[in-house]
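K.L.:
Sequence:
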Amino acid sequence: DLLKFLYEQLHQYKINEINQLKQIRTNDQLIQKLFNYLSMYVDKPNDEHILAQLKFEYEQQQKINQNSNDISINKYRQQF
Numbered sequence: 001d002l003l004k005f006l007y008e009q010l011h012q013y014k015i016n017e018i019n020q021l022k023q024i025r026t027n028d029q030l031i032q033k034l035f036n037y038l039s040m041y042v043d044k045p046n047d048e049h050i051l052a053q054l055k056f057e058y059e060q061q062q063k064i065n066q067n068s069n070d071i072s073i074n075k076y077r078q079q080f
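Heads up: the sequence shown begins at 1 in my numbering, then just goes up one per residue.
Wrong hints could be hidden among the right ones.
[Claimed, not checked] Quick list of in silico lysine-lysine cross-link-like pairs, DSS-like style, CA-CA up to 25 Å:
1. K63 with K33
2. K44 with K33
3. K22 with K44
4. K22 with K33
5. K14 with K4
6. K55 with K33
7. K55 with K44
Don't read these hints as lab results, they were simulated from the structure.
Turn these sequences into a full structure, and let the hints guide you.
P.N.:
If you want it as structure tokens, here you go:
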């Protein structure tokens, strides 16, 4: 019974992880579309600079998140 319970918990964990990754990808696609939309309407040099800085910071955060996810997944796989 305990083994079955653990298996079900592991299965649910994997489903939740997959759903979270799908949501993250969807959010990322929306943010990229917003950056593209904003870039079409930027008409001042200062606005261009701010938009470029925001996009750079977002991309850096995405890299950090991806590295963190990769490390977590590797640690998880090593346990099982």
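K.L.:
State for each hint whether it applies.
P.N.:
So, going through the hints one by one against the coordinates:
Restraint check for K63 and K33: satisfied, since their Cα atoms lie roughly 18 Å apart, inside the 25 Å limit. Restraint check: the Cα-Cα separation between K44 and K33 comes to about 20 Å, which is no more than 25 Å; the hinted pair holds. A distance of roughly 36 Å separates the Cα atoms of K22 and K44; the hinted pair therefore is violated under the 25 Å criterion. At most 25 Å may separate the alpha-carbon atoms for a hinted pair to count; K22 and K33 meet this at roughly 17 Å.
For the suggested pair K14 and K4, the alpha carbons sit about 15 Å apart, so the restraint of at most 25 Å is met. Simply put, K55 and K33 have alpha-carbon atoms about 12 Å apart, close enough for the 25 Å limit, and the pair holds. Between the alpha carbons of K55 and K44 the distance comes to roughly 17 Å, so the proposed pair stays at or under 25 Å and holds.
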